[in-house]
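Residue numbers (my numbering), protein chains in the order written: chain G, 1 to 101; chain B, 1 to 194.
Worth flagging that the hints you see were computed from the coordinates, not collected in a lab.
Hints may be right or wrong, so weigh each one.
[What the hints assert, rightly or not] As a list, the in silico BS3-like pairs of lysine-lysine whose alpha-carbon atoms are at most 30 Å apart:
1) G/Lys83 with B/Lys143
2) B/Lys108 with B/Lys21
3) B/Lys189 with G/Lys83
4) B/Lys21 with B/Lys54
5) B/Lys48 with G/Lys83
6) B/Lys189 with B/Lys21
7) G/Lys83 with G/Lys50
8) B/Lys54 with G/Lys83
9) B/Lys189 with B/Lys143
For reference, the chains in residue letters:
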Amino acid sequence: MFIINCPYCGARDQTEFSCHGEAHIARPEETEKLTDEQWGDYIFFRQNPKGLHYERWVHSHGCRRWFNALRNTVTDEIFATYKVGEARPVLPEQNAGEAPS
Amino acid sequence: MADSEIQQLADAMQTPLNGIKFQSTNLTLQEQPPCTRVNIRADFSDDKAVAAIKSLTGISLPLDSNTWVSSADQTLFWLGPDELMLYSTSISPLDLVSGLRDNLVPGKSAVVDVSDYYTVIRVSGDNARQVLASGTPFDVHPKVFGEGQCAQIRFGNASILLSCQQGAREYDLQVRWSFAEYLWGYLTKVGGYL
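Same shape as in the complex, but just chain B:
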């Protein structure tokens, strides 16, 4: 393969939706740029594990259910009592995975690079809530689901990780790569009616 073809392939494989954007009345949908995503399973009642993750990411862990915390480059989502999702825009998957594996207890933890497994679609605008309500009965009213909160829910037929970026106006939907096109189609169809 010629270098240009490899580059084309690399560009095409960057994200499933190629950073596509959609605009409608008070609504913007956009696929977010790719970043490092790592799934962490560990026993968080162990202070050493918590300290190891904290020293690598520089942020304290979201150990309360349905919450996420972030710094400039790193974001941690709560996925379960012993499971977190880490996003990073500054550390490569290889460094992050090896850094975590070296510092967590072997056999009692699992660190998996899922950068190519998920993509994120951002839904923003005053009609964001209306669009979300079309696919899930989950309540996203800012009183009960504000900034810093996340939830793994079903949207249409896709399992997603929904996180509130800005109360009532901006939400991130993390979806499996293979469901990205379906979810995008769903969101744009609903958005088109606004």
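Here chain G stands alone, though its shape is the one from the complex:
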């Protein structure tokens, strides 16, 4: 059991939240021009990193708002939670232009 910091409500228990996979996936523009392979990549293929991962979370039992989190998939440590639309937080040891993949 751990505590997650909802950007709207504050610190709450983990059981109030659910995780819905990788964040920051933009829907491609002009989808009619995509090949089946490109469309398939957008729909089905996700990063599955061992380590830092930007994820979408929803506070289902609280304010029911979506937000993003930066979590370490190995240690389950959540480094930051931030509202949808806000820039990705960058860890101190990382360079600003370099996001973990």
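Chain B: place on chain G using the hints.
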């Protein structure tokens, strides 16, 4: 149906728990009487929307997270950055909903009558905190959760809107109608051990 049967049905449908009360050592549980409940979604950065709600309810909006404000007849709870819950004991659901819909921007707001969707159980007494602690890890210590604060949390398996009415002694639990019996059973079972 005879008139008396209709009356009986109306009485039975008034609230899911029929205003039931439970008493134990330093603990009182009671379902609160029914009132008008309206869920409001709107863009509160728009001054017009804020003014419209304020003029109808007569109270300023709780736009800080996890807070609620009330007057004699009206109470407003913060549910999210663009969502409020309004309780009223003086205005009928129809008047309130139409009054709000007329004054909020159509297409950018939603006003829904949820009077029959929720009920409220009041937990009061010196053991109130102990009972709450049995169902949720949420901290209700008066230092961090005092009067005027509310939180949507999980209690047991029910999602509730918890509001502090009086520091450490009195809390209101708003629960979905269909979960009311479950929550009541949970609270009375825990209360029975005190």
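Structure-based check of each hint:
1. G/Lys83 with B/Lys143: holds (27 Å)
2. B/Lys108 with B/Lys21: violated (41 Å)
3. B/Lys189 with G/Lys83: violated (39 Å)
4. B/Lys21 with B/Lys54: Violated - the C-alpha atoms of B/Lys54 and B/Lys21 are around 34 Å apart, more than 30 Å.
5. B/Lys48 with G/Lys83: holds (25 Å)
6. B/Lys189 with B/Lys21: holds (13 Å)
7. G/Lys83 with G/Lys50: holds (24 Å)
8. B/Lys54 with G/Lys83: It holds: about 28 Å lies between the C-alpha atoms, which stays within 30 Å.
9. B/Lys189 with B/Lys143: holds (28 Å)
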